[in-house]
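Student: Sequence:
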Amino acid sequence: MKHILETKTIHASGVCFEKKGVLILGKSGSGKSSLALSLVANGAQLVCDDRAHLQVKNKILMMTKPPSLPGALEVRGLGLIKVPLTTEARVDLIIDMELTSDSRLGGHKMELFGVEIPCVKGQNFYGLSDAIIVWSKYGGFLDL
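The numbering used here numbers the first residue of the sequence shown as 1 and each following residue consecutively.
Keep in mind that the hints were calculated from the coordinates and are not lab data. Every value quoted in this text rests on a predicted model; they were computed, and no experiment measured them. No residue lacks a Cβ here, since even glycine has one placed at the ideal position from N, Cα and C. It is possible that some hints are incorrect.
As the list claims (entries may be wrong) - Distance condition first, Cα-Cα at most 16 Å in a straight line; then the derived EDC-like pairs of lysine to aspartate or glutamate: (1) 121 to 98; (2) 20 to 130; (3) 20 to 88; (4) 109 to 96; (5) 27 to 74; (6) 8 to 88; (7) 8 to 50; (8) 137 to 92; (9) 19 to 88; (10) 57 to 116; (11) 20 to 92; (12) 57 to 88; (13) 121 to 92; (14) 109 to 92; (15) 109 to 98; (16) 59 to 111; (17) 121 to 96; (18) 8 to 111; (19) 19 to 92; (20) 121 to 111; (21) 27 to 96; (22) 27 to 98.
Unchecked claim - With beta-carbon atoms standing in for the labels, derived distance ranges: (23) 124 to 67: 31 to 39 Å; (24) 114 to 78: 33 to 41 Å; (25) 100 to 67: 33 to 41 Å.
Work out the full structure: start from the sequences and follow the hints.
Tutor: See the structure below:
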């Protein structure tokens with residue numbers, strides 16, 4: 001039996017890198033598109049920019065681009081730019097651009113629509129895009 005939640009739209013951007021989906025949360029101007037741009041420049045594919053459709057399928061949180069949005073990345077000062085796209089990705093990591101990390105070690109999780117997903121507090125996290133790339137390429141987090 002498939003467990004599917006109706007699609008919900010949230011304010012977020014999403015990319016897929018090395019078959020791992022990264023959902024980037026934050027208010028306007030928090031750096032979502034800048035982080036997505038940095039990841040795309042390093043080989044990621046854009047799933048969605050500014051808004052994301054989220055849906056739970058078989059206990060897996062999936063993200064897609066709302067049909068009304070262009071398949072492009074909006075870069076402040078440049079406008080919409082063409083980037084590599086993918087239509088859908090599972091959400092394996094959440095980056096919250098409004099939260100500042102208060103600890104040296106991670107281990108934070110966020111629950112979205114009943115699915116618990118690792119979450120990184122992205123505000124003032126220098127080297128964040130590099131950390132995401134390394135996480136994507138080499139297998140994720142250690143449980144400490």
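Student: For each hint, tell me whether it holds in the structure or not.
Tutor: Hint-by-hint comparison with the structure:
Our distance criterion of 16 Å between C-alpha atoms is met by residue 121 and residue 98, whose separation comes to about 7 Å. Using a Cα cut-off of 16 Å, the hinted pair residue 20 and residue 130 holds, with the two alpha carbons roughly 15 Å apart. Among the hinted pairs, residue 20 with residue 88 is consistent with the structure: their alpha-carbon atoms are about 11 Å apart, no more than 16 Å. For a cut-off of 16 Å, the pair hint linking residue 109 to residue 96 stands: about 11 Å separates their Cα positions.
In summary, the hint linking residue 27 to residue 74 is supported, as the alpha carbons are separated by about 15 Å, within the 16 Å threshold. Between the alpha carbons of residue 8 and residue 88 the distance comes to roughly 14 Å, so the proposed pair stays at or under 16 Å and holds. Pair hint residue 8 plus residue 50 holds up; C-alpha atoms about 14 Å apart against a cutoff of 16 Å. For the hint pairing residue 137 with residue 92, the CA-to-CA distance comes to about 13 Å; that is within 16 Å, so the pair holds.
The hinted pair formed by residue 19 and residue 88 meets the criterion: a straight-line CA distance of about 11 Å does not exceed 16 Å. Between residue 57 and residue 116, the direct Cα distance comes to roughly 14 Å. Compliance with the 16 Å bound is thereby established for this hinted pair. Distance restraint check for residue 20 and residue 92: the Cα-Cα separation of roughly 6 Å lies within the 16 Å cut-off, and the hinted pair is therefore satisfied. With a CA separation close to 12 Å, the supplied pair residue 57 and residue 88 stays within the 16 Å bound.
A distance of roughly 15 Å separates the Cα atoms of residue 121 and residue 92; the hinted pair therefore holds under the 16 Å criterion. Straight-line distance between C-alpha atoms of residue 109 and residue 92 comes to about 11 Å, which keeps the hinted pair within the 16 Å bound. With a C-alpha separation of about 15 Å, the suggested pair residue 109 and residue 98 falls inside the 16 Å cut-off, and the hint holds. In summary, the hint linking residue 59 to residue 111 is supported, as the alpha carbons are separated by about 12 Å, within the 16 Å threshold.
Distance check on the hinted pair: residue 121 and residue 96 sit about 5 Å apart at the alpha-carbon level, within 16 Å; holds. Note on residue 8 and residue 111: the hinted pairing holds, with a Cα-Cα distance of about 14 Å set against a maximum of 16 Å. For the hint pairing residue 19 with residue 92, the CA-to-CA distance comes to about 9 Å; that is within 16 Å, so the pair holds. Between residue 121 and residue 111, the direct Cα distance comes to roughly 14 Å. Compliance with the 16 Å bound is thereby established for this hinted pair.
Taking the CA atoms of residue 27 and residue 96, the gap is near 10 Å; set against the 16 Å cutoff, the hint holds. For the proposed pair residue 27 and residue 98, the alpha carbon gap of about 7 Å is at most 16 Å, so the pair holds. Checked against the hint of 31 to 39 Å, the C-beta distance between residue 124 and residue 67 comes to roughly 35 Å, which is consistent with it. Checked against the hint of 33 to 41 Å, the pair residue 114 and residue 78 passes, with Cβ atoms roughly 38 Å apart.
Checked against the hint of 33 to 41 Å, the C-beta distance between residue 100 and residue 67 comes to roughly 34 Å, which is consistent with it.
When each numbered hint is compared with the structure, no violation occurs for any of them.
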